[in-house]
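Protein chains in written order, with the working numbering: chain A, 1 to 307; chain B, 308 to 664.
Mixed in with the good hints there might be a few duds.
Unchecked claim - Pair ranges (Cβ atoms, derived): (1) B/Ile523 / A/Val292: 54 to 62 Å; (2) B/Ile502 / A/Ser85: 51 to 59 Å; (3) B/Arg533 / A/Arg294: 35 to 43 Å; (4) A/Leu154 / B/Phe441: 29 to 37 Å; (5) A/Ser85 / B/Ala494: 43 to 51 Å.
Claimed, not checked - Which stretches of chain B does chain A cover? Using the computed rule of at least three CB atoms under 8 Å from a CB of chain A, they are: (6) 365-371; (7) 398-406; (8) 432-439; (9) 496-506.
To be verified - Only some residues are given here: those of chain B computed to face chain A with a beta carbon under 8 Å: (10) His394; (11) Pro418; (12) Asn446; (13) Val579; (14) His605; (15) Ile620; (16) Pro642; (17) Leu645.
Everything labelled a hint here was simulated from the structure, so no lab data went into it. Here the structure is a predicted model, which is why all the values come from computation and not from measurement. Where is the CB? At the ideal position from N, CA and C, for every residue including glycine.
These are the residues of each chain, in order.
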Amino acid sequence: MEIFLQQIINGLVQGSVYALVALGYTMVYGILGLINFAHGEVVMVGAMLALSALTAMLGWGVPPLLALLLSVGLAMAGCMALGYSIERIAYRPLRHAPRLAPLITAIGVSIVLQNLAMMIWGRQYHSFPMLFATSSHVIGGAIINDIQIAIVILAVLIMAGLMVVVHRTRLGRAMRAVAENQHSAQLMGVDVNRVISITFMLGSALAAIAGLMVSANYGLAHYYMGFLLGLKAFTAAVLGGIGNLRGAMLGGLLLGLIESLGTGYIGDLTGGFFGSNYQDVFAFFVLIAVLVFRPSGLLGERIAERA
Amino acid sequence: MFVLMIAALLFLPFITDALLGRGWVRIVDFAMLYIMLALGLNIVVGYAGLLDLGYIAFFAVGAYCYALTGSPHLALAFPMLFPDGVHLSFWIVLPLAALIAGGFGVLLGAPTLRLRGDYLAIVTLGFGEIIRIFLNNLNAPINLTNGPQGISRIDPISVSGVSLNATQEIFGITLPSVHLYFYLFLAFTALVIFISQRLEKSRIGRAWMAIREDEIAASAMGINTRNLKLLAFAMGAMFGGASGALFAGFQGFVSPESFSLMESIMVLCMVVLGGMGNIAGVILGGVLLALLPEILRHSVVPLQQALFGKSIIDPESLRMLMFGGALIAVMLYRPAGLWPSRVRRRELGSDEADEKV
């Protein structure tokens with residue numbers, strides 16, 4: 001029972017991060033019908049930027065809380081600039097090109113980002129500095145620490161904020177209009193290019209926060225961390241119904257739970273044949289299963305088939 | 308012209324050997340393997356327009372097929388079942404490897420190919436990573452793949468009883484092992500080119516191109532798009548599997564390291580850079596990109612050493628950076644590739660694409 005509860009907690013924490021990243025995929029997909037393969041790398045860049053800034057500022061003697069806020073701000077700004085440039089360079093010129101073209105540039109962008117990051121930050125793991133004395137709490141035998149609580153609360157707040165932006169503001173209305181029909185939106189006076197740029201920047205800002213969360217949770221950051229994270233977050237977006245914001249949140253949490261429960265119990269279920277080193281495999285099988293049985297995802301209404 | 312080219316190819320290993328040394332013949336051999344892979348991927352990406360980002364996984368499947376059946380590994384892992392190992396002949400394993408890789412292709416393609424192309428891209432991307440996790444971890448509790456250490460002592464390929472792993476004397480000409488493998492790979496590449504060419508002109512090939520250009524129109528013309536896409540995907544996988552078996556026999560050793568995402572990207576780059584759907588273009592891309600790392604290794608490090616006194620950027624990451632940049636640049640400025648096919652140029656070069664929303 002303790003293990004079960006522990007895995008639920010781990011799953012929720014991990015799932016919150018997936019949800020934030022999945023939102024980035026799903027927003028871009030909703031508006032452009034494009035899978036932004038480079039999104040996972042944006043998460044990685046966010047984590048690396050935040051970590052470098054944090055370490056540097058702590059070295060200068062900046063108080064921890066201020067340093068954290070400043071480095072989050074820096075990482076978000078950096079990622080927003082990155083997201084904007086990716087869209088301008090790699091996607092906008094190809095908006096009316098055959099489908100294959102933006103997919104190929106997307107993979108090109110992610111390769112470039114990954115290798116640039118490796119040149120800048122090296123191949124080694126970077127450890128997340130201790131900022132505060134964190135305490136752990138015991139709930140029914142399971143352990144949860146302050147960082148994990150902060151991650152879940154922050155993720156929920158950000159998602160609520162995003163829903164407000166999308167459903168209550170002028171910008172949000174413009175975003176939904178562009179998602180519905182680009183041409184009609186343009187005729188109604190919406191600056192389509194601006195809305196698309198802002199969408200990319202919003203998604204990238206979320207990615208930066210998610211990157212910081214992952215590295216705070218595991219205490220590590222690495223130039224290769226974005227690849228699998230991106231793949232899983234994409235799975236989460238598909239699971240919830242790609243293009244659907246609530247779906248991305250639900251999908252993220254569900255995938256986090258599936259993964260952590262799966263990892264926790266696979267050893268027992270298969271009599272020790274498969275172990276926890278197969279953790280990264282679950283997301284993939286979830287993806288295949290969703291595509292076979294419900295390609296439109298849990299909350300998606302539109303059929304995914306659109307040539 | 309054609310005769311001259313064939314003559315040049317036949318003498319290539321000797322010329323390379325004389326001018327650059329034996330090591331470069333090996334590099335040329337690997338370039339041939341890459342060309343085979345690129346031609347296989349060309350069927351999927353170039354003809355049918357499906358983006359496969361985990362192509363190297365099929366290569367891995369083929370390589371492990373021959374590694375398991377042609378090495379003493381199974382004898383060590385299951386002494387009860389296979390006291391002497393399997394040691395099947397390469398020529399039996401080759402079609403098997405192709406079939407098994409093709410089977411994996413069907414397994415992956417069936418659920419995804421009825422959806423939009425993007426899903427195939429991400430599923431194959433995932434599959435490429437998953438296969439590596441399995442290869443890395445299937446050494447316990449049953450040692451099937453020997454994990455990260457890989458499988459070594461794989462039997463060399465032999466042609467009608469003549470092992471290609473030793474220097475042979477034929478008609479008074481001494482042929483070292485790398486030369487022998489070169490001719491084997493040359494023969495296989497020629498076969499792959501022949502099949503590709505026949506496919507391109509066939510009813511199936513034309514259907515693939517119709518699907519690539521407009522899936523809805525193609526299905527309106529009575530083409531069974533799902534089955535044909537599946538066929539393209541499975542066929543590409545089969546070529547990948549066959550090349551993998553060749554690779555295992557040539558190298559004598561396989562480990563999960565050889566099948567990273569970067570390899571998939573490299574093969575994709577060959578196809579995209581050279582010219583999707585054009586056999587000559589793909590071969591050009593394959594030659595350029597297979598030789599690039601070697602050229603970089605021999606130029607970047609000494610250059611940096613001369614300029615800065617130490618190596619700042621390692622050639623490996625510079626190469627990947629160039630690949631990524633090339634993928635973006637080609638798509639933006641020359642979407643049909645360096646050497647485009649005529650059909651493709653018409654399709655991508657016209658303004659008609661702008662009207663499609």
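Cross-check of the supplied hints:
1. The beta-carbon spacing between B/Ile523 and A/Val292, approximately 23 Å, falls outside the hinted interval of 54 to 62 Å.
2. Checking the proposed 51 to 59 Å range against B/Ile502 and A/Ser85 shows it is violated: the Cβ atoms sit about 43 Å from each other.
3. One distance hint, 35 to 43 Å for the beta-carbon pair B/Arg533 and A/Arg294, is violated here, with the actual separation near 18 Å.
4. Taking the beta carbon of each, A/Leu154 and B/Phe441 are about 36 Å apart, inside 29 to 37 Å as hinted.
5. In this structure, A/Ser85 and B/Ala494 meet the distance hint of 43 to 51 Å, their C-beta atoms being roughly 48 Å apart.
6. With 0 residues bearing a CB less than 8 Å from a CB of chain A, the stretch 365-371 of chain B misses the requirement of three and the coverage assertion fails.
7. Remark: the stretch 398-406 of chain B is not confirmed as covered by chain A, as 0 of its residues place a Cβ nearer than 8 Å to a Cβ of that chain, below the required three.
8. For a cut-off of 8 Å, the count of residues in the stretch 432-439 of chain B with a CB near a CB of chain A stands at 5, and the three-residue condition holds.
9. Coverage of a stretch by a chain is defined here by at least three residues with a beta carbon nearer than 8 Å to that chain's beta carbons; for the stretch 496-506 of chain B and chain A the count is 0, and the condition is violated.
10. Here the hint on B/His394 is broken, as its CB sits about 28 Å from the closest CB of chain A, past 8 Å.
11. For B/Pro418, the shortest C-beta to C-beta distance to chain A is roughly 4 Å, which falls under 8 Å, so the interface hint holds.
12. Taking 8 Å as the C-beta contact cut-off toward chain A, the hint placing B/Asn446 at the interface is violated, the least distance being around 11 Å.
13. With a least beta-carbon distance of about 6 Å to chain A, the hint placing B/Val579 at the interface is held under the 8 Å criterion.
14. Here the hint on B/His605 is broken, as its CB sits about 20 Å from the closest CB of chain A, past 8 Å.
15. Because the smallest distance between the Cβ of B/Ile620 and any Cβ of chain A comes to about 6 Å, under 8 Å, the interface hint for this residue holds.
16. For B/Pro642, the suggested interface contact is upheld, since its CB lies about 6 Å from the closest CB of chain A, less than 8 Å.
17. About 15 Å separates the beta-carbon of B/Leu645 from the nearest beta-carbon of chain A, more than 8 Å, and the hint is not met.
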